Amino acid sequence: MSWKKAGTEARLLLVGIPVALWSAFPIYHIFLFAISSKDSAFSGALWPAQPTLRNFGAVFKQEHFFLYHFWQQMWNSLWIAATVGFLTLLIATCAAFAISRLRVRGGRLVMNAALFTYFIPAAFLAVPMYKAMSVYGLLNSSWSLVLAMVTLASPYAIWVLKQASDKLPWELDEAARIDGATPMQLFRLVYLPLMLPSLVAIGTYALLLAWNEYLYAFLLLSKETNVTLAVALGHFLSADDSPWELLMATGLLYGLPPAAIYYVFRRYMVGGLTAGAVKA
Amino acid sequence: MASVHFRDVRKSFGATEILHGVSLDIADGEFVVLVGPSGCGKSTLLRMLAGLEEVTRGEIAIDDRVVNEVDSKDRDIAMVFQSYALYPHMTVRENMGFSLRLRKAERAIVDERVGRAAQILNLQAYLERYPRELSGGQRQRVAMGRAIVRDPKVFLFDEPLSNLDAKLRVAMRAEIKALHQRLKTTTVYVTHDQVEAMTMADRIAVMNEGRIEQLGEPLALYDRPANLFVAEFIGSPAMNLLDARLRRSDGAAWVELAGARWALAAGAPGADGQQVKVGVRPEHLRLGAEGLAGEVVVVEPTGAGTELVVQCDGASLTVVVHGRSGARPGDRVLLAPGPDHVHLFDASSGARL
Amino acid sequence: MTSMQRWGLALLVPYVLLFLVFVLYPVLYGFWLARSPAAYAKLFEDPVFFRTVVNTLVFVVVAVNVKFVIALYLSGFFVNTRPWIRWLSVLFILPWAVPSIPTIFSVRFMLNPEWGMVNSIIFRLTGADGPNWLTDPTLALSMSMLVHVWKSLPFWTLILIAGRLAIPKEQYEAASVDGATGWQQFRYVTWPSMRTLYLTSTILSMIWTLGDFNSVYLLTGGGPADLTHVLATLGIRYIRLDQLEQAMATIVVSMPLVLPLVWFMVRRLSRDGTQ
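Protein chains in written order, with our numbering: chain A, 4 to 283; chain B, 24 to 376; chain C, 6 to 280.
It cannot be assumed that every hint is accurate.
With a straight-line cut-off of 25 Å between C-alpha atoms, the simulated BS3-like cross-links for lysine-lysine are [claimed, not checked]:
| hint | chain 1 | residue 1 | chain 2 | residue 2 |
| --- | --- | --- | --- | --- |
| 1 | B | Lys200 | B | Lys176 |
| 2 | A | Lys226 | A | Lys134 |
| 3 | B | Lys207 | B | Lys96 |
| 4 | A | Lys8 | A | Lys41 |
| 5 | C | Lys174 | A | Lys134 |
| 6 | B | Lys176 | B | Lys207 |
| 7 | A | Lys7 | C | Lys174 |
| 8 | A | Lys8 | C | Lys174 |
| 9 | B | Lys96 | B | Lys190 |
Honestly, the hints are just simulated from the structure, not real lab data.
Note that the structure is a prediction, hence the values are computed from the model and not measured.
Please put together the full structure from these sequences, using the hints given.
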């Protein structure tokens, strides 16, 4: 019996170890570059001879041509992501409430239009969106990215919030109506407090989507001082002798906050994100 | 306080009409129970009165005011839901005071009225708790408290007791009745449980398939059901119903069934030879020296009495005997009702003769 | 109109505006831009285009199916309850939780033929030089697919884990009692319950994979010699070349590939929503 048990454990480990290496290695590789000096970064060693934090110092002090606007770009990423999170939440919550709880006529049509947008691959929508932004004269304005990301994030947000609000008992609304609540009082005093967990998940989703976005940011923004960190990272590729160790240090600084946020809200995120799919 | 009037009220969902012209007048202070099997339209009727469903045709009035187009919140009604529908994120105090808060009532008035309702319902100790921290019976009371605080013109109850266990249900029944006697607020109460209807109502409206089958005081319904549906629905155990032929001769009347004859009261209606349904309540059947022959198949002592199931020529009759019964399964017995306790219904229409 | 309807319409306005201004108008305008047959003629003449279509099909079919077979297998691994497996699952999510750019760049450096980690390990182990990962078109596209799988595997594994956890334990207990082997349990209990989820997820993943710009662009840039483009990067390439008509024509040409899948998903989810 214990032999059999040991065999099972061994088989599990045989899967587990490759999975661990596979998942972690590219990220460890970023870390490795980030703590290596310029010379040792390219040695192919798994641990630098003299690990250093100098790269981070260089990033913080904006000591390289590619990093002259690091703090500005960090700030751009931050406020754009936060604004997208807020606006998506605002628009999607209103729409989900109208569709799910007020059962507005035409709600289904709007839901389908939103779903349709959600399923059109973002890279395909980018082309017409780019053209439209230039027609609207928004190209190179941070607002073009904000609005584009809200457009991309809202459909899924509406869908998830609608699913979540469909689960609230209908009698609560009826009780509130009989108690004398207007639709807006129902929204403010009953709906919002009960939807709080889903709102946290969706706000985080939209925020991360905007923070992580590369394609739209790089299409819509081009001025060094208004691009996001994601685009700034891409610029490193424009030269052959770029300081890769600085790129990786910056990449780590850029990649860690969303990962941390994700882990903090993991419970909400996984539940919220998988709910829609698992139902099918 | 107010009277409530339904005038030829109809409701359709799409092409399907589910209420076919219901008229009902409820007097000020009256406790009316709408009872019927699920799908009979009783809840829809209540929800239309609450303003939660639109009226397709006809009129609903509270006092003299037609409320068809009036929003729920402006009808001055309070409703207790089957699921209680308490706001999960509010304490008991906040739940009960919510309607007043929406009406921008002064803090002191809210506190005073919530306090009074809590006192009536014995909820003082729970005012700061959340619904999830309460038992089913306590939640039910909070739901009622929320209604009381409003001091509305009409109370609406939608199957308020069906989520409670049997013992609690009996207790809450008494509580609601006591509450009504104390507040004298016009009440419309929906249930599928005829025992609730019988015990609580001033008047009962028995509904079936979108119509009111019979409207009347509980005992009137019990003693003189207007048709087979009401006869079967009201009373537990249910009335025994048998096919029979009515006979008359020399001023005497009786029914013939399976070779036996049961005498009828002198003034019994109906024509000689007419095909009828005979109804007898279980407690009105007697084991005696003559009557319908059968075999006892089940004996169920309930303590206060005994329920017998007797198999008679294909039909199965229930007999309730007071006290203990010496009958045992397998016994051959003869069954007959007292002549005043036989109900006759037309075999084809089901209407009382 | 009741006040509910009035408020409902008012609350829908922000999203409807957003949709009209940033989805419907751009799409219609884009189609209008792509109306001239010349744009298509030019597109079909571009040697890159044909290669791109083949690449896209290979990418979608191979990457998605490989990913799902692995995800299905790993979902079975992760439902084992061991403390270390719970820790491993935290690590396993990382590729999905970290943004693409740093990680894809990291892989790009790893694959550098001269100083990349991969080739230096190969050299140390075998004494031979490793392949030119990103300058050989077939290898480069394969590496893009690998990056794609690496990035999106955790998400789909999570979905399939949720699917597996939704299967009542009694079914496995009953199957065990009936003497089913591990494979038979999978064949007769797991798979029948997961089939619909697996299919829906695969379709959805195909749609998203069609739109995966990062895995190709950030790793290979579409090179060498524009031989690793997929439809998602080709449209953007035309934009960068200032050929907007071509870019739109590319999108229009991909619609026969995308729309049936999108239609399938919208129908499916929209029906679910009404249940």
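Problem - Hinted pair Lys7(A) and Lys174(C), Cα distance within 25 Å - result: The hint holds at about 23 Å.
Handout entry: Restraint check for Lys8(A) with Lys174(C), where alpha carbons must lie at most 25 Å apart
Key = 21 Å, holds
Handout entry: Straight-line alpha-carbon gap Lys8(A) to Lys41(A), limit 25 Å
Key = At roughly 49 Å apart (the allowed maximum being 25 Å), Lys41(A) and Lys8(A) break the hint.
Exercise for the section: Mind checking the alpha carbons of Lys96(B) and Lys190(B) for me, to see if they're no more than 25 Å apart? Expected result: Violated. Lys96(B) to Lys190(B) sits at ~34 Å, over the 25 Å cutoff.
Practice task
Compare the distance between the alpha carbons of Lys226(A) and Lys134(A) with 25 Å, and conclude whether the hinted pair is satisfied.
Solution key: The hint holds at about 18 Å.
Practice task
Could you grab the alpha-carbon distance between Lys207(B) and Lys96(B) and see if it respects the 25 Å cut-off?
Solution key: Holds, at roughly 22 Å.
Practice task
Take a quick look at whether Lys200(B) and Lys176(B) sit within 25 Å of each other, Cα to Cα.
Solution key: 17 Å, holds
Handout entry: Pair hint outcome, Lys174(C) versus Lys134(A) [Cα-Cα no greater than 25 Å]
Key = 53 Å, violated
Practice task
Take the C-alpha atoms of Lys176(B) and Lys207(B), compute the straight-line distance between them, and say whether it is at most 25 Å.
Solution key: With a Cα-Cα distance of about 10 Å, the restraint between Lys176(B) and Lys207(B) holds, given a limit of 25 Å.
Checked against the numbered hints listed earlier, the structure breaks hints 4, 5 and 9; every other hint is satisfied.
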